[in-house]
Amino acid sequence: MDKKPVFIAGPCVIESAELLDRVAARLVEINRVLGTEIIFKASFDKANRTSLSSYRGVGLEKGLQMLSDIRSKWGLRLLTDIHESSQAASVGEVVDVIQIPAFLCRQTDLLLAAARTGRIVNVKKAQFLSGEDMRYPYEKAVAAGAGEVWLTERGNMYGYNNLVVDFRNIPDMRKIASTVIMDCTHSVQRPGAAGGKTGGNREFVPAMAQAAKAFGANGYFFEVHPDPDHALSDGPNMLYLDDLENVIKSLL
Numbered sequence: 029m030d031k032k033p034v035f036i037a038g039p040c041v042i043e044s045a046e047l048l049d050r051v052a053a054r055l056v057e058i059n060r061v062l063g064t065e066i067i068f069k070a071s072f073d074k075a076n077r078t079s080l081s082s083y084r085g086v087g088l089e090k091g092l093q094m095l096s097d098i099r100s101k102w103g104l105r106l107l108t109d110i111h112e113s114s115q116a117a118s119v120g121e122v123v124d125v126i127q128i129p130a131f132l133c134r135q136t137d138l139l140l141a142a143a144r145t146g147r148i149v150n151v152k153k154a155q156f157l158s159g160e161d162m163r164y165p166y167e168k169a170v171a172a173g174a175g176e177v178w179l180t181e182r183g184n185m186y187g188y189n190n191l192v193v194d195f196r197n198i199p200d201m202r203k204i205a206s207t208v209i210m211d212c213t214h215s216v217q218r219p220g221a222a223g224g225k226t227g228g229n230r231e232f233v234p235a236m237a238q239a240a241k242a243f244g245a246n247g248y249f250f251e252v253h254p255d256p257d258h259a260l261s262d263g264p265n266m267l268y269l270d271d272l273e274n275v276i277k278s279l280l
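So for the sequence shown, our numbering puts the first residue at 29; every next one is plus one.
The reader is advised that the hints may include incorrect statements.
To be verified - Each computed DSS-like pair below joins lysine-lysine, with the alpha-carbon atoms no more than 27 Å apart:
no., residue 1, residue 2
1, K90, K277
2, K32, K277
3, K203, K32
4, K74, K32
5, K101, K241
6, K74, K31
To be verified - The following label-pair restraints were derived from C-beta to C-beta distances:
no., residue 1, residue 2, range
7, V61, Y188, 18 to 28 Å
8, T136, E57, 38 to 48 Å
9, E65, G87, 34 to 44 Å
10, H258, F232, 37 to 47 Å
11, S79, G173, 34 to 44 Å
12, L62, R99, 17 to 27 Å
Source of the hints: derived by calculation from the structure; they are not laboratory data.
Backbone N, C-alpha and C fix where the C-beta goes; we use that ideal spot for every residue, glycine too.
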């Protein structure tokens, strides 16, 4: 029998302590009502923003302290992403899951540094790779001692400024890793399609989750925000925080 599905949720980027608290409180309530264990996600730095003028985050030191505060106050497990090998050790002291961004999933030194922390490593599939190609990032992380390695589907490039999800990638990756996650919000992005920002279509998020479930996904990633239209990163593809409970309920 398959284990309980993994759920990951939180704002794209750390904007303020108040935002983190508001989202964390809601996740704790959903966990209580539905019997889930949602992992809290937020980025301390978005190093791959479209424009130089785009908001990146609060930085490594401050961000890790804010994430640590969330764990202490709310008891949630934590996930955040790294962009440089030098960040891995300090991030591994704070979070339960270290995430490798899709564009960086072939960066050997980054994968090895994340894995050597002994934490779970979640590797997002690059927009230019197939599910079968993810065997090699997976093997790098396993060989370097990761506690566990998850793989995440987030769509493939479809011409310019668009993504398409080939759901066959999910069963292909299930042959490699025991946990395969659907990134239900980044997969509805329109990269760089909003005048120096990334656009998106959040109305398709629930359907992305259901389709992924049909293809065998056993984890789901949702970026959420109380007011995504005014979020500082990835607003157009983020789910409204108040909609998260019903989406998760539909997947259980």
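Here's how the hints hold up against the structure:
no.: 1; hint: K90 x K277; in the structure: violated (34 Å)
no.: 2; hint: K32 x K277; in the structure: holds (13 Å)
no.: 3; hint: K203 x K32; in the structure: holds (18 Å)
no.: 4; hint: K74 x K32; in the structure: violated (30 Å)
no.: 5; hint: K101 x K241; in the structure: violated (32 Å)
no.: 6; hint: K74 x K31; in the structure: violated (32 Å)
no.: 7; hint: V61 x Y188: 18 to 28 Å; in the structure: violated (42 Å)
no.: 8; hint: T136 x E57: 38 to 48 Å; in the structure: holds (41 Å)
no.: 9; hint: E65 x G87: 34 to 44 Å; in the structure: violated (28 Å)
no.: 10; hint: H258 x F232: 37 to 47 Å; in the structure: violated (21 Å)
no.: 11; hint: S79 x G173: 34 to 44 Å; in the structure: holds (37 Å)
no.: 12; hint: L62 x R99: 17 to 27 Å; in the structure: holds (21 Å)
Going down the numbered hints, you'll see the structure goes against 1, 4, 5, 6, 7, 9, 10, while the others check out.
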